[in-house]
Amino acid sequence: MSQLPIDCLNDIFEYLEDDRLTLYSCLLVNHLWCKISVRIFWRNSCKYSTSNVITLTSCFPSESKEILYKNGITILTPITKFPIFNYASFCNVLSFKNIRKKVLDLIKQEIIYSKNRICGCIVIQEICKMFMDQISSLKELLFFDYCRSAHILTLHPKSEYCLKNLSELRCNSSFTCENFRQLSKICHSIVLLYIEHGSPFISDGLGKLISVQKNLKYFKYFGTMLRRSTPIFSKLPNTLIKLEIFGGQVQISYSFLTKLVNLQELEISSSDDKIFEDFANLQLPQLQTLKFINAYPKLELLIKFLEINGKNLKEFHIYNNDNSEILIIIKLCPNLRKIFVRFDNDEIEILKSIFESCKYLVSIKINCGDEFLSEKEALEAFIKYSHSYENISELILFHRDTLTKELLPKELESFLIKWTNCAPQKLLSLVIITENYFEKSLDKNEENMKIIKKYISLGIIKKFKIRNSFDDRI
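Here the sequence shown is numbered in the working numbering, starting from -2 and rising by one per residue.
Hints are supplied without guarantee of correctness; some may be wrong.
Said to hold, decoys possible - In silico EDC-like cross-links for lysine to aspartate or glutamate, where the CA-CA straight-line distance does not exceed 20 Å:
#1 K182 with E241
#2 K373 with E408
#3 K402 with D440
#4 K402 with E436
#5 K460 with E391
#6 K415 with E444
#7 K32 with D15
#8 K335 with D440
#9 K288 with E346
#10 K328 with E304
#11 K335 with E304
#12 K136 with E107
#13 K44 with E137
#14 K335 with E353
#15 K214 with E175
#16 K62 with D130
#17 K308 with E353
#18 K308 with E322
#19 K462 with E368
#20 K402 with E387
#21 K459 with E403
#22 K349 with E391
#23 K301 with E346
#24 K239 with E262
#25 K308 with E346
Claimed, not checked - Across the chosen pairs, the derived CB separations fall in these ranges:
#26 V90 with I64: 23 to 29 Å
#27 L189 with K402: 40 to 46 Å
#28 R40 with K328: 28 to 34 Å
#29 R464 with P282: 43 to 49 Å
#30 F461 with Q280: 35 to 41 Å
#31 L189 with L29: 32 to 38 Å
#32 L152 with Q280: 39 to 45 Å
#33 H148 with I104: 21 to 27 Å
#34 D367 with I3: 33 to 39 Å
#35 T401 with S252: 26 to 32 Å
#36 G456 with Q280: 43 to 49 Å
#37 K402 with S133: 20 to 26 Å
#38 K182 with Q280: 47 to 53 Å
#39 L152 with K32: 15 to 21 Å
Simulated from the structure, these hints should not be mistaken for laboratory data.
Predicted model, so just to flag it, every value in this text is computed and none were measured.
By construction, the Cβ of each residue, glycine as well, lies at the ideal position given by its N, Cα and C atoms.
Produce the entire structure from the sequences given, and follow the hints as far as they go.
Written as structure tokens, this is what we have:
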């Protein structure tokens, strides 16, 4: 393997990016392997361990070491030799949330030691300076930090070079108006922008940053409230293809959506159904995915919206609804590939109507829990009503409530046998969206997992995934 061309070695090491232990061992084989794999090993700071952070501190320039000394900060590091590489220069995904976590871990372990209460912030700021000095072109920045380090990012002499080609920015309210203004002078090629905010008002600086973007495609706002006067949404460019707005009290007008002619995905989470007054007459010609979490438009507004846009929809999610609404939705959205609607344990027959109306349906998400269907009922209903439709192949079980009945291994295998017999040429995708505290979910049963692995090896199950429910919603 040591004789393989460099391109082949690079492809192999790329494949090992998530296997940190194996990738680290590649650093130790020979000089060539080390030279190739070290860039991958240090590329994404989201994956850094405390050892990575210790190595970074050993690379501090004299100026940073002097600042630590003056503040009485000692770092106990086993590294005695001068580092071979400028490790910080390899980073193109910079996560200060993870850096901060690892620094705090090192303080708890007394590897970073000081009587200075803000020693962690000082160390983080010096790491920030080093990244700014050494990274030539950062691609992704995740800044969820409360150590007042944002000014280092935006005012550092080399910020213009480091951040010029930034394509993804995720940050929270630790970014001030001035920070956003400074970024707007540097970053014009952001593709994904994610803002997590706790204030009802967002700074004009953010609006400025949005307005100068040439290729913004994804915008996500997550916060507790947002007032109607906030102008940032009106500044979103027509290059946008995905918009997600999450907030308890999102009080904005959605009339700005009309100019987003390329919008393909829209997801809204709100606790107030009064915010949808503008929905009735919206025309979104490219819209393919629509998700409402919690509140959604009143039925008459939703009908008008779907009469205009429903035929283009391929995916639709609505978390609170009744049977009459489901029947209207599937009638107005005949080309759906994916659907998630709520029905309780006494409304199982509605599945038949969904499959009959949505001929192209590939995937369906079903609520499971005490007030919904049990896993057994969901599997039985899925196999009963889906077998006649050639496209349907994915079942997503969403645990929205405590499971009082456990799916037995013989019940799971019975379902898989029926699936094999009903659709011998069709592979099944099964996704479980759950939480650790749902002790009776099928993935917690070892025998069930053995059966899943068996049918994966037999080529019956194409995909099996377990996801966190919070991550799925957000």
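- Task: Please test the hint of 21 to 27 Å on the beta carbon pair from H148 and I104.
- Result: holds, 23 Å
### Message
Tell me if the straight-line CA distance from K335 to E353 falls inside 20 Å.
### Response
holds, 14 Å
*For the pair we were handed, K459 and E403, check the Cα-Cα distance against 20 Å.*
Roughly 24 Å between the alpha carbons, so the hint for K459 and E403 is violated.
Check whether the Cα positions of K301 and E346 lie no farther apart than 20 Å.
Given that 20 Å is the threshold and the Cα spacing comes to 26 Å, the pair is violated.
### Query
Quick one, are K44 and E137 close enough, alpha carbons at most 20 Å?
holds, 14 Å
Requested in this report: Would you check the hint for K308 and E346, treating anything up to 20 Å between C-alpha atoms as holding?
Outcome: Given pair K308, E346 is violated - Cα atoms ~24 Å apart, limit 20 Å.
Taken at face value, is the distance from the CA of E107 to the CA of K136 at most 20 Å? Distance of about 33 Å is beyond 20 Å: violated.
* Asked: Keeping to a limit of 20 Å between CA atoms, is the pair of K460 and E391 held or broken?
  -> Distance ~9 Å between K460 and E391 Cα, so the pair holds.
_Restraint status (C-alpha distance of K462 to E368 at most 20 Å)_ = It is violated: about 24 Å lies between the C-alpha atoms, which goes past 20 Å.
Hint says 43 to 49 Å; check whether the CB-CB distance for G456 and Q280 agrees.
holds, 45 Å
| message | Does D130 sit within 20 Å of K62, going by the straight-line distance between their CA atoms? | response | holds, 15 Å
Review point. Straight-line Cα separation of K415 and E444 no greater than 20 Å?
Key: holds, 19 Å
Of the hints listed earlier, those the structure fails to meet are numbers 1, 8, 9, 12, 15, 19, 20, 21, 23, 25, 28, 29, 34, 35, 37, 38, 39, in rising order.
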